[in-house]
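Given next are the chains, with one letter for each unit.
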Amino acid sequence: MIYKIWMSVVKEFLLLKRDLGGLIILFVMPLVLVITVTLIQDSTFKAVTDSKIQILIVDNDKGSVAKTVFENLEKSNLFTVVTQIDNKPVTEEIAKENVYKGKFQLAIVIPENLSSDLQAKVDQNVEKIVSNLGLTDSTATTEPQRIIKEKEVKLYFDPAVQMSFKNAVMSSIDKMISQIETKSIYSTFQKQLGEETIDFEQKSFISFKEIIPRINNKEVRPNSTQHNVPAWTLFAIFFIVIPLSINIVKEKSQGTFVRLRTNPVSNLVVIIGKTITYSIICMIQFYMMVAVAVFLFPSIGLPSLNIEGHLLMTSVVALFSGFAAIGFGILLGTVASTQEQSAPFGATSVIILAAVGGVWVPVFAMPKIMQFIAKSSPMNWGLEAFYDVLLRSVSFLEIIPEISLLFLFFIITTSIALFYDKKKRAV
Amino acid sequence: MYSLNNVSLNINEGQIFGLLGPNGAGKTTLISMLCGLVKPTDGHFTIDGLDYQHHASKIKKIIGVVPQEYALYPTLTARENLHYFGSMYGLKGSVLKDKVIEALDLLGLLKFADKQVQTFSGGMKRRVNLIAGILHQPKVLFLDEPTVGVDVHSKAAIIDYLKVLNQNGTTIIYTSHHLAEAEDFCSQIAILDQGQIYAQATPSALIEATKDARNLEDVFISLTGKALRDDI
Numbered sequence: 098m099i100y101k102i103w104m105s106v107v108k109e110f111l112l113l114k115r116d117l118g119g120l121i122i123l124f125v126m127p128l129v130l131v132i133t134v135t136l137i138q139d140s141t142f143k144a145v146t147d148s149k150i151q152i153l154i155v156d157n158d159k160g161s162v163a164k165t166v167f168e169n170l171e172k173s174n175l176f177t178v179v180t181q182i183d184n185k186p187v188t189e190e191i192a193k194e195n196v197y198k199g200k201f202q203l204a205i206v207i208p209e210n211l212s213s214d215l216q217a218k219v220d221q222n223v224e225k226i227v228s229n230l231g232l233t234d235s236t237a238t239t240e241p242q243r244i245i246k247e248k249e250v251k252l253y254f255d256p257a258v259q260m261s262f263k264n265a266v267m268s269s270i271d272k273m274i275s276q277i278e279t280k281s282i283y284s285t286f287q288k289q290l291g292e293e294t295i296d297f298e299q300k301s302f303i304s305f306k307e308i309i310p311r312i313n314n315k316e317v318r319p320n321s322t323q324h325n326v327p328a329w330t331l332f333a334i335f336f337i338v339i340p341l342s343i344n345i346v347k348e349k350s351q352g353t354f355v356r357l358r359t360n361p362v363s364n365l366v367v368i369i370g371k372t373i374t375y376s377i378i379c380m381i382q383f384y385m386m387v388a389v390a391v392f393l394f395p396s397i398g399l400p401s402l403n404i405e406g407h408l409l410m411t412s413v414v415a416l417f418s419g420f421a422a423i424g425f426g427i428l429l430g431t432v433a434s435t436q437e438q439s440a441p442f443g444a445t446s447v448i449i450l451a452a453v454g455g456v457w458v459p460v461f462a463m464p465k466i467m468q469f470i471a472k473s474s475p476m477n478w479g480l481e482a483f484y485d486v487l488l489r490s491v492s493f494l495e496i497i498p499e500i501s502l503l504f505l506f507f508i509i510t511t512s513i514a515l516f517y518d519k520k521k522r523a524v
Numbered sequence: 031m032y033s034l035n036n037v038s039l040n041i042n043e044g045q046i047f048g049l050l051g052p053n054g055a056g057k058t059t060l061i062s063m064l065c066g067l068v069k070p071t072d073g074h075f076t077i078d079g080l081d082y083q084h085h086a087s088k089i090k091k092i093i094g095v096v097p098q099e100y101a102l103y104p105t106l107t108a109r110e111n112l113h114y115f116g117s118m119y120g121l122k123g124s125v126l127k128d129k130v131i132e133a134l135d136l137l138g139l140l141k142f143a144d145k146q147v148q149t150f151s152g153g154m155k156r157r158v159n160l161i162a163g164i165l166h167q168p169k170v171l172f173l174d175e176p177t178v179g180v181d182v183h184s185k186a187a188i189i190d191y192l193k194v195l196n197q198n199g200t201t202i203i204y205t206s207h208h209l210a211e212a213e214d215f216c217s218q219i220a221i222l223d224q225g226q227i228y229a230q231a232t233p234s235a236l237i238e239a240t241k242d243a244r245n246l247e248d249v250f251i252s253l254t255g256k257a258l259r260d261d262i
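Just so you know, the protein sequences line up as chains A and B, in that order. When you line the first sequence up against the working numbering, it's residues 98 to 524, in that order. When you line the second sequence up against the working numbering, it's residues 31 to 262, in that order.
Read the hints as simulated data drawn from the structure, not as lab findings. These figures come from a predicted structure and were not determined experimentally. Ideal Cβ positions, reconstructed from N, Cα and C, are used throughout, including at glycine. There's no promise every hint is true.
[Stated by the list, open to error] To list a few chain A residues with every Cβ distance to chain B over 10 Å, as calculated: (1) Ala217; (2) Leu230; (3) Pro256; (4) Tyr384; (5) Phe442.
[Stated by the list, open to error] BS3-like mimics (lysine-lysine), calculated; alpha carbons at most 27 Å apart, straight line: (6) B/Lys88 with A/Lys521; (7) A/Lys218 with A/Lys288; (8) B/Lys141 with A/Lys520; (9) B/Lys88 with A/Lys519; (10) B/Lys127 with A/Lys114; (11) A/Lys114 with B/Lys122; (12) A/Lys347 with B/Lys69; (13) B/Lys141 with A/Lys114; (14) B/Lys91 with A/Lys349; (15) A/Lys218 with A/Lys149; (16) A/Lys349 with B/Lys122; (17) A/Lys114 with B/Lys129; (18) A/Lys521 with B/Lys91; (19) A/Lys349 with B/Lys88; (20) A/Lys519 with B/Lys69; (21) A/Lys114 with B/Lys145; (22) B/Lys91 with A/Lys520; (23) A/Lys520 with B/Lys88; (24) B/Lys141 with B/Lys69; (25) A/Lys246 with A/Lys225; (26) B/Lys145 with A/Lys349; (27) A/Lys520 with A/Lys347; (28) A/Lys272 with A/Lys246; (29) A/Lys521 with B/Lys69; (30) A/Lys306 with A/Lys263; (31) A/Lys347 with B/Lys91; (32) A/Lys519 with B/Lys141; (33) A/Lys149 with A/Lys172; (34) B/Lys69 with A/Lys349; (35) B/Lys145 with A/Lys347.
Please model the complete structure; the sequences and the hints are all you need to start from.
Encoded structure:
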């Protein structure tokens with residue numbers, strides 16, 4: 098049996114060696130994919146952090162609030178404020194038109210009298226509090242309070258801008274406005290209490306700091322490579338479903354499968370031969386991706402993959418992910434009758450598995466029902482195991498549940514394929 | 031509607047048994063059953079006293095199958111194909127290598143041994159297809175139209191080789207549309223139509239038993255008629 102398996106492995110490698118298209122799908126495309134995606138993701142990341150985004154400001158206020166907004170935006174290192182286009186001040190209409198045409202990603206319209214009305218509103222509120230506390234001059238006459246309408250800072254976004262970017266900007270503007278309001282309240286209190294000489298500390302009392310995980314006393318800061326390489330390596334590993342299923346369908350269509358059925362060899366031997374071959378291919382793919390991420394990425398301006406101390410465990414994850422992909426490929430190849438069925442179905446299902454598994458959108462950001470579905474995706478088990486090893490630095494014991502699920506998936510899919518084949522076999 | 035109905039055959043050891051019949055007669059179905067590829071809905075058969083239900087593995091070791099289609103890997107060389115299929119019969123090492131060389135040589139393919147099968151002509155592929163089924167020297171050899179679509183020289187080489195195999199003790203069961211070839215080659219013939227055996231005897235006995243028949247073709251027409259048998 099061992100000899101028959103060995104000869105099956107030799108045969109599979111010979112077939113692959115002579116299939117240039119298949120080799121490109123297996124080895125070149127994953128590399129192109131991981132380099133391209135990491136470059137894009139990294140540049141997107143830099144676009145938000147390193148380079149500045151131009152935003153339009155329409156200042157109808159001309160007061161202190163607008164001035165503070167200007168200053169804060171400039172200071173944020175995220176934006177460059179544009180107030181004029183072609184030497185003409187930007188109006189709300191011009192801003193709207195430019196943003197909706199995609200020339201700018203964002204416009205902020207500060208309403209008229211924002212500074213004065215904010216101050217007036219704060220004055221009214223503070224006065225009310227101070228009088229309730231009995232701290233006002235009893236001889237002072239109380240004037241009827243003016244009704245101040247609430248103000249609205251308008252934001253115009255380019256419709257093509259992604260939701261995550263919109264949310265980040267809105268949250269930062271909201272924070273800025275809150276700070277301005279707080280500052281005004283403090284100042285008004287100072288004035289009302291006649292304590293203008295006392296300097297209230299207006300710096301935030303509560304702040305936050307990200308604590309970066311440390312390994313061997315060294316901070317391990319995740320970067321786009323640490324996130325992308327495992328995700329896209331997994332995606333590439335699962336793409337093995339296509340050549341593998343085509344390989345099985347071809348065996349059926351070219352008659353070799355019929356010949357094998359009449360030979361004294363069980364389908365299990367054939368399947369084991371394919372599993373060994375494609376597992377080796379998965380591992381070669383994985384090591385190629387890692388080598389590119391470690392050695393090539395720095396020379397094209399990308400962060401290098403930090404795999405120090407993790408190579409063995411990530412290899413285990415890659416191997417078990419490969420098993421899951423192979424099981425799926427064997428099942429698909431067994432059930433499909435033509436390459437026209439197996440190839441598109443294989444490609445589409447891998448993309449669906451990747452989407453569901455959290456390769457593009459993190460699982461925690463998915464709707465509840467999708468989170469539940471994601472937990473049953475083998476791509477998610479593999480991805481979580483990779484992240485556990487590379488980003489969370491867990492021990493081997495902690496990835497056992499994930500790799501066990503991957504192996505179970507392989508066993509189940511392969512068993513279904515064998516059962517299906519046996520049912521179709523005559524004798 | 032069954033492909034085969036009430037078929038009863040007894041093929042003796044050492045025979046070259048021809049299964050002849052028009053398209054759709056049930057020849058391939060019958061041979062597929064005997065090779066273990068199709069399960070009969072009813073009835074049973076044995077090969078060398080063994081049945082598939084209990085001895086599938088044993089039967090597969092003693093039979094050889096040469097399917098109608100080229101059941102070969104087109105991108106592998108003739109030698110690689112034969113090494114692989116030979117190894118599935120448990121042949122290995124120098125025994126396998128020598129058998130492959132010997133068979134390739136006998137069928138005039140040795141100088142093409144290391145060429146990919148996809149570059150071969152139809153006749154060359156047929157010969158490799160045949161070798162893949164006989165490397166392990168089967169007791170019983172099933173051939174489904176082994177000479178279909180090949181040139182005269184390849185056909186002659188295949189038939190001569192099969193005769194040598196038979197002389198060495200292999201029982202041959204084959205289907206064919208070439209009646210003249212079957213008349214010359216087979217020691218026993220069964221004419222099959224609409225899933226039933228119409229006649230079974232030696233070629234000469236069949237000719238003698240049919241009125242005005244000069245050859246097997248006359249017997250065939252007499253038994254199966256002249257109507258076309260196209261079916262989808």
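Note to self: To test your reading of the hints: which numbers does this structure violate?
What the structure shows: 8, 15, 24, 32
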